[in-house]
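Given the coordinates of chain A, work out where chain B should sit on it, guided by the hints.
There are 2 protein chains.
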Amino acid sequence: MSLTEQLLTTLDAGRDAAVARLVEWLRIPSISAQPDHAADCVRAAEWVRDQLLELGFTASLRQTPRHPVVVAHHPGPGGGGKPHLLYYGHYDVQPPDPLELWASPPFEPVLTEGPNGPRVVARGAVDDKGQVLMWIEALRAWHQVAGGPPCAITAVIEGEEEIGSPNLAPFMAANADELRADVAIISDTGMWDIDTPALSTRLRGLCFVQLDIKAASRDLHSGMYGGSALNPNNLITKILGDLHDANGRVRLPGFYDGVPELSPELRAQWQALGFSEHDFLGAIGLSVPVGEKDRGPLERLWARPTADINGIWGGYTGPGSKTVIPSEAHAKITFRLVPGQHHERVFEAFRQFVQARLPADATATFQGGGASPGIEVPADSSFVQAARAALADEYGRPAAMIGCGGSIPVVSSMQEVLGLDTVLMGFGLEDDQVHSPNEKFDLRCFHQGARSHARLLAKLG
Amino acid sequence: MSLTEQLLTTLDAGRDAAVARLVEWLRIPSISAQPDHAADCVRAAEWVRDQLLELGFTASLRQTPRHPVVVAHHPGPGGGGKPHLLYYGHYDVQPPDPLELWASPPFEPVLTEGPNGPRVVARGAVDDKGQVLMWIEALRAWHQVAGGPPCAITAVIEGEEEIGSPNLAPFMAANADELRADVAIISDTGMWDIDTPALSTRLRGLCFVQLDIKAASRDLHSGMYGGSALNPNNLITKILGDLHDANGRVRLPGFYDGVPELSPELRAQWQALGFSEHDFLGAIGLSVPVGEKDRGPLERLWARPTADINGIWGGYTGPGSKTVIPSEAHAKITFRLVPGQHHERVFEAFRQFVQARLPADATATFQGGGASPGIEVPADSSFVQAARAALADEYGRPAAMIGCGGSIPVVSSMQEVLGLDTVLMGFGLEDDQVHSPNEKFDLRCFHQGARSHARLLAKLG
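Protein sequences, first through last, are from chains A and B. 1 is the number of the first residue of the first sequence in UniProt numbering; add one for each residue after it. 1 is the number of the first residue of the second sequence in UniProt numbering; add one for each residue after it.
Chain A on its own, in the form it takes in the complex (with noise of 0.2 Å):
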């Protein structure tokens, strides 16, 4: 029996105990955006670091001003020729709520019976704890096999990616001799369907807002002062209504200044995936698309900017009616960005867009948290080559070249810090439920993407 095929019947023969340790992670809230939940996640860095030490690696957490960051290394067999490889991945989830829309709790991971199989349920299951677990199975079936990696391998996860690892680049920064490597390989992205096997080489970048409007020094009475005192919560609608055009496009000025067109290329393979945006809608609720109204849905999703409100809240929000003219309104605002865009540049459009419609009596204050420029990996390196031959074995066909609307800010990291290409090699399906109530990860998705790590190993080793 080959290397190869040891490896993954010992895959195989683990799947359930996979599962179980995949449980055990994701039963920590560790919430990196609550205060309340730094103790999680120290506990669920403390929990995979323990993961790795037993698979023969040096690991520790190192701390940040904020949540530790996980390092381990791993010798290989030494000799030369052979490639350093840095896993990266989070160990950090969203916020769960709303939670009255979760079928379990979020944090008591369930396995339910799905289209594809079983799945596990719960905030975190493969965004990104189930798809970190995977590469570290691949590497416990080496260590099984063969006592260890073919190669070198550093193992980088955080614990601040859902708020915008606003301190992993600096730590990068002051580690770079220690985190030295080839090459980046990333799980945290998704395949095109539960058969084929996708590499995403382009990420759209985020640029977050939030604003802060402020007007009169005290809430006022909507009767005594209606008609004469400047409302806030109207003021906001009117500035934020007012970010898109008729057409879709937002109206920041230059917002659209660097952006590429599709090369023919890309727009022919693109079309050639036979993408259906009517079911990519019809699954969540919708039919129509929005956006702008001259491009096409891939590249609406993956090659061009956008601008959406996630969260707005001022004035009264209980329950019945309050006769209120707040002092204040607030909006929380992310603008997803290609490559030829800067985030220091859209942020200060939105500011001078904000400015420039804001009466005298009004104040505005803009904080950001969390910026990553949009970026494109190059799909010719002998890694990537790699990955989808890698795949290919795994699956039977060829894997998909994607690209992917949310941003990951490590690759450009890794590209500006350390000089890093990365592999985005990930197993996600569209149906995961990703950042939403009953996020899920398809059991098959997880065990064919550890057999992947491994044969990618085997490929590099």
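Because the hints were derived from the structure by calculation, they are not lab data. Quick caveat: nothing in here was measured; it's all calculated off a predicted structure. Wrong hints could be hidden among the right ones.
Copies of the same chain look alike in the list, so a pair counts if it fits in one copy or across any two.
What the hints assert, rightly or not - Below, simulated SDA-like cross-link-like pairs (lysine to any residue); rule was C-alpha separation at most 20 Å, straight line:
hint: 1; residue 1: Lys293; residue 2: Ala360
hint: 2; residue 1: Lys238; residue 2: Gly248
hint: 3; residue 1: Lys238; residue 2: Arg249
hint: 4; residue 1: Lys238; residue 2: Asp361
hint: 5; residue 1: Lys293; residue 2: Asp361
hint: 6; residue 1: Lys214; residue 2: Thr317
hint: 7; residue 1: Lys238; residue 2: Asp212
hint: 8; residue 1: Lys214; residue 2: Ser287
hint: 9; residue 1: Lys214; residue 2: Gly241
hint: 10; residue 1: Lys214; residue 2: Pro319
hint: 11; residue 1: Lys459; residue 2: Gly274
hint: 12; residue 1: Lys238; residue 2: Arg251
hint: 13; residue 1: Lys238; residue 2: Gln210
hint: 14; residue 1: Lys293; residue 2: Arg357
hint: 15; residue 1: Lys459; residue 2: Gln385
hint: 16; residue 1: Lys238; residue 2: Lys293
hint: 17; residue 1: Lys214; residue 2: Phe280
hint: 18; residue 1: Lys214; residue 2: Ala283
hint: 19; residue 1: Lys214; residue 2: His278
hint: 20; residue 1: Lys214; residue 2: Asp97
hint: 21; residue 1: Lys238; residue 2: Arg357
Frame of chain A, contents of chain B only:
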């Protein structure tokens, strides 16, 4: 010593005891909008019932579908030719939030020093417990000096004014015989300033709507779906941002139909009041009026309809960022109405306004919750004239005949259900922070209000 002098002397002597009673009532958090305070509403009702029982009234709590109504009667001395007076007030209060802006807990009344001497700070101090207790203290003085009021008195004190009095009109209709009287007297409005008493002859009405917009069947990742999926937060700002035109006019179709122009007399009278909108807005940290550009300050506040978003919320509003496209967005909107407008038509116009701007994938629901027409009180009735005389005696200057931007739905119910005109003799001041943190009532207003009510009873009896 004349009867009136005895009444005033008695009120002066009992001043501290009256304040102590007010403080006791203010300690009861009778927040009608919040179901978990239902028992407190009953306690507040029982408290005021007991006050009236002490004064020789028959008094009891009457059940309604939500909060009880206190009804009390005193036959007076009997004998013909004297009017039967119906006093109205409310024991319920607005929600106190935002709590963090209160200098002292809202339901732990404190006496502080203000520019006009001592004041009591608590939710409900002036709206309306303090103002109800003024006429009860006047009745107490009559009880002590003359053994009872000089004419037949009915008192109605409800517990749902702050939520739009949903059950009061039905209650009055069901008990019209018992509540028969010649005029209604209400203290729930304001003075012109602390030296200038006022009678409010004009009130704006109100139409409340909660708008709930739903789109996708679940919350979505703004990276994976941004550019394709409808965002209800984006949509609600687009729709509500369209509510006012560049001149501050409300864009609802037909909104201004039937809105009367001011008579030259009233316009002249209001101009003579020398209202400074600069000072009015300056007191709350503002300087530039909003509302219809081509209308005067008091006209905008007293005689023109408005639209204000009292509350708006959707998506993630917690700490940090969450890159979500929510499935729902919500807003609470109040339209202030003037005589000639119909709240049913305004509600329907708003519904059409929203529906006309709603894309195929979004659904909107519209919940009403309290509505009342704007009204005008005849300024020449014998009762209004008696009130003017009582106020002139107390303050040594004529009362201003003013408007009020707020609505008192009961005034129209008095007219429509019981056929009664209403005398609106209020003693609040502009800086009382009604519906806001640190609501207060100046004790000088409280005391002179009680004296004015005692004088009014003398004139009417």
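Would you list, in rising numerical order, the hints stated earlier that this structure does not obey? Hint 11 is the one this structure does not satisfy, whereas the remaining hints hold.
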